[in-house]
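K.L.:
Spelled out from the first residue to the last, the chains are:
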Amino acid sequence: MPPRPLDARALAALAANPGCRRRALLDGAGVDKGALAQALGAPAAFGRSQFAFVRGHAFESRVKADGGAELVRLLSEQLGHKPPEPDEVDVPELTAAGPEGRTARTALALRQATGAGRWALLDHPMLALTIAGTPAYLEPDAVVVGPDGGWTVVEIKSFAMIDGAADAAKVGAAARQAAVYALALRGVADRLAAGRVSEQALLVCPKDFSNLPTAALIDLRKPLATTRRQLSRLVRVEEIAAGLPEGVCFDPDRPAAELAAAVAAVPAAYAPDCLAGCELAFHCRERARQAGLVERLGRSVRAELGGLATVESVLAAAGGDGGDPDDPAVAALRRAAALRAEALGREAAPCR
Amino acid sequence: MSLITTLARFEAVRDGRARPVATVRHRHLAERPLVLVPLTTAGETGAPLGALVGTERTAPRLLTVCQPRDRDQRAAFLAALAEEVLPHIEGFAAEVTTEERTETDPATGRRTPVRVELCTDAPQLLVPSAAGVEYVRLLGRSMRFRRTAEQDPAAAFPAPPRVPMLGRWLTHFAERAQVPGSSLLLSMTGLLTRHWATGQSPLEDQHLGSLLAWIDPPDGLSGAEAALRVELERDAEGLLCHPPAGPATDPAFDNKRLAPALARYDRARAVGRGVERAAAEMAELLATQLRPAWDAVWHGLDLLRALPEGAHVAERWKRDRWSYTAHRDRIRAGEPPQPRRDDAVTAARKLASRETAQARLEAQEALDDPLVMAGRRLAGEAFAGEVTAVVMEYTEAKVPRPRPLVTVRTEDAPHLAEGARVHRLLADGRTQTGEFTAAGPDRLTVRLTGGMGRGRQPEPGTVPEPGERVCWTLFEHAPRGGPALPEPEHTPWTHGGPPGAMADEPDPVTAEDYL
Ligand code: SF4
Numbered sequence: 005m006p007p008r009p010l011d012a013r014a015l016a017a018l019a020a021n022p023g024c025r026r027r028a029l030l031d032g033a034g035v036d037k038g039a040l041a042q043a044l045g046a047p048a049a050f051g052r053s054q055f056a057f058v059r060g061h062a063f064e065s066r067v068k069a070d071g072g073a074e075l076v077r078l079l080s081e082q083l084g085h086k087p088p089e090p091d092e093v094d095v096p097e098l099t100a101a102g103p104e105g106r107t108a109r110t111a112l113a114l115r116q117a118t119g120a121g122r123w124a125l126l127d128h129p130m131l132a133l134t135i136a137g138t139p140a141y142l143e144p145d146a147v148v149v150g151p152d153g154g155w156t157v158v159e160i161k162s163f164a165m166i167d168g169a170a171d172a173a174k175v176g177a178a179a180r181q182a183a184v185y186a187l188a189l190r191g192v193a194d195r196l197a198a199g200r201v202s203e204q205a206l207l208v209c210p211k212d213f214s215n216l217p218t219a220a221l222i223d224l225r226k227p228l229a230t231t232r233r234q235l236s237r238l239v240r241v242e243e244i245a246a247g248l249p250e251g252v253c254f255d256p257d258r259p260a261a262e263l264a265a266a267v268a269a270v271p272a273a274y275a276p277d278c279l280a281g282c283e284l285a286f287h288c289r290e291r292a293r294q295a296g297l298v299e300r301l302g303r304s305v306r307a308e309l310g311g312l313a314t315v316e317s318v319l320a321a322a323g324g325d326g327g328d329p330d331d332p333a334v335a336a337l338r339r340a341a342a343l344r345a346e347a348l349g350r351e352a353a354p355c356r
Numbered sequence: 048m049s050l051i052t053t054l055a056r057f058e059a060v061r062d063g064r065a066r067p068v069a070t071v072r073h074r075h076l077a078e079r080p081l082v083l084v085p086l087t088t089a090g091e092t093g094a095p096l097g098a099l100v101g102t103e104r105t106a107p108r109l110l111t112v113c114q115p116r117d118r119d120q121r122a123a124f125l126a127a128l129a130e131e132v133l134p135h136i137e138g139f140a141a142e143v144t145t146e147e148r149t150e151t152d153p154a155t156g157r158r159t160p161v162r163v164e165l166c167t168d169a170p171q172l173l174v175p176s177a178a179g180v181e182y183v184r185l186l187g188r189s190m191r192f193r194r195t196a197e198q199d200p201a202a203a204f205p206a207p208p209r210v211p212m213l214g215r216w217l218t219h220f221a222e223r224a225q226v227p228g229s230s231l232l233l234s235m236t237g238l239l240t241r242h243w244a245t246g247q248s249p250l251e252d253q254h255l256g257s258l259l260a261w262i263d264p265p266d267g268l269s270g271a272e273a274a275l276r277v278e279l280e281r282d283a284e285g286l287l288c289h290p291p292a293g294p295a296t297d298p299a300f301d302n303k304r305l306a307p308a309l310a311r312y313d314r315a316r317a318v319g320r321g322v323e324r325a326a327a328e329m330a331e332l333l334a335t336q337l338r339p340a341w342d343a344v345w346h347g348l349d350l351l352r353a354l355p356e357g358a359h360v361a362e363r364w365k366r367d368r369w370s371y372t373a374h375r376d377r378i379r380a381g382e383p384p385q386p387r388r389d390d391a392v393t394a395a396r397k398l399a400s401r402e403t404a405q406a407r408l409e410a411q412e413a414l415d416d417p418l419v420m421a422g423r424r425l426a427g428e429a430f431a432g433e434v435t436a437v438v439m440e441y442t443e444a445k446v447p448r449p450r451p452l453v454t455v456r457t458e459d460a461p462h463l464a465e466g467a468r469v470h471r472l473l474a475d476g477r478t479q480t481g482e483f484t485a486a487g488p489d490r491l492t493v494r495l496t497g498g499m500g501r502g503r504q505p506e507p508g509t510v511p512e513p514g515e516r517v518c519w520t521l522f523e524h525a526p527r528g529g530p531a532l533p534e535p536e537h538t539p540w541t542h543g544g545p546p547g548a549m550a551d552e553p554d555p556v557t558a559e560d561y562l
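Protein chains in written order, with the working numbering: chain S, 5 to 356; chain Y, 48 to 562.
These are computed hints drawn from the structure, not numbers from a lab.
One thing to keep in mind: the hints can contain errors.
Sample of chain S residues facing chain Y (criterion: CB under 8 Å; computed from the structure) [to be verified]:
#1 G51
#2 P276
#3 R344
#4 E346
Note that the structure is a prediction, hence the values are computed from the model and not measured.
Every residue gets a Cβ at the ideal spot worked out from N, C-alpha and C, and that includes glycine.
Bound conformation, chain S alone (with noise of 0.2 Å):
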């Protein structure tokens, strides 16, 4: 099987969940984790309808029409410029053979572009980025090159914008995801030592209820000292990989059982956040179930409960069971359990 390449999805991803080695290894490693877990029969339930698909390309391509015209109308909108005639907009052509050849060609454009004083659209450019040893190829929606040797990153999502809103989470994420981008490209502009990265991000969403554009900038200051931290953090693959055992095979063609086995000795970091980013949810959920691991009932549990790290445990300190009582959240378990159990009347009130 091909690896798969990181993308920047899985980076912002990653990003989310830095203490999951088992993602940082199979990401890195370009594992494709749908199959595997498919093998381990915990198949995620991610998959796009075709209907979306269908309308998020119109879309795309609606935004892009005209030359590029109507996307830097757009964005020098929203920076208060006087938007360029149709004619004032170059696309530079970016097509090369592999992404090695994909990222050079984008970088030369960038440098043209930036030397050359107008506006100009790189349409689905190609960006390298090294990611706790592994290079991964990133592919924004699109890179506006301004006058004044300004880089944009655009974002274009299928998430309506109503009334000049649109839902927070979403937006969130597409800034995460910029951030990465912004990233790469601003090892470009250092190894060109030309250009600007801005620190703000087009966000281009249709408006209401329709299919025309409307745009938005998301300041990427935030998102990107996070993201350049977290993933600063991830423990580079090579480590992860060095502390497993001999012959550990991720080949979705391998029996689940000897793949489970794989799986298990990179530790995981499982949250109920997992369900919503990472194929192999189902599968870490099972295991941090049947190892009562508290964490699966949400990530904040863990922080109430100090040091308890199991159910049985929890469930023993509330009972009384188990526990050093002078551990304060040992002492407010059996608290809270004593309250419980006398408002739903089951003991009689210790003082009645």
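Keeping the supplied structure of chain S fixed, place chain Y with the ligand upon it in accordance with the hints.
P.N.:
Just chain Y with the ligand now, with coordinates in the frame of chain S:
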């Protein structure tokens, strides 16, 4: 999540079954709620695909859109929805009582009592999940600015007659749903999670079927097993056996069933033959995705109805009745639809009133339910115990007033500073205030400062006796807001509210709106 709720989740894991987090029902349930289970088309915001709607459990009305890209079909769907929903909503407008309230006379600026109408009951709308509430808001937004042919003869694509009105009402319901403790529009997942804790995460609780499986599993299965099955089980073709009607459909359903059925429908229309059969097939198909959620909502209602209603629920429902009545009045007064965006003042006022509602709800739920109060006690916001001593003392005024010292034995550890005010519910429903004075080992002493009548001696029953159990709260029982009056945002402009900005224009409708 409070620790007491977290603990309930752990108990649920242990028992393989949901555990109660309330001993009474904290939300109003209408005798005849209107249940709405919507389905939406993937990729297109707010585009309806189908719905089950009605007040009869066994006889829902099925509404479908055979070709979501067809503007006329969408309009027909919304018209049918209006036909089904509006008579129910408007059916509560005529029966009223009158209430007195004080209003500022615009001419004199003086506060004067006026008598106003209050509808004796209000409609209640139930949807399966939180996403359903959001969808109601979207539907409302997409319809309320539309113009009918009568309103605007020049409109390029006039809306069917009752559609803008439905948009205004759905907007009102969705707006009201943001007020904590309100019950005009509720999601079944929200209702159930308020009363039970499952052994899964809040995220997973958003699947109504799986949540119900934890609370009331079928025979022979634990809640945990049943929930997992509901969540994951797929047939040989990879289709979900228990679709959640999200209101989004499952992508596998879209690709394997919906797309082919749509293609057959389009073909039938193109050749002008078999259209009816294709439409019937589509309706049948959508019903398979809607019916499980419809049944689940009613199943949830059965479970909730078995709980006794909390003492303050009726008081909060009265606020919902005010809200409904006020919106009725705005429509009758010919006011324009709710604006696209609130102006700064309105937004701030709404926020403030929601904060008040939140504080009021938290106080009332604690007073109505010992299990909720237990959470407040654990958090140090209340304490309960047995009275061990009462010492009569009096003020030094010319007419001395009683100021007895009441000592209780308690294991609770409230966050009290000396002189802090505490509150207690009396048997007659009034609130008594006190002042925290001293703490000893397992003992707390409170000086009663009110609620004992006007005389030198306290009225009988207003001072607890040794051996009695009492519960004091650090929070006020009726935080700001006082008697049940309409919330500021619902004060009709005709009743002295500020006239808003000019009415918003309808959304431009172009061929681009539909692919
Ligand atoms: S689902 Fe498993 S592998 Fe994926 S991020 Fe969560 S714990 Fe890691």
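K.L.:
So which of those numbered hints doesn't the model satisfy?
P.N.:
none
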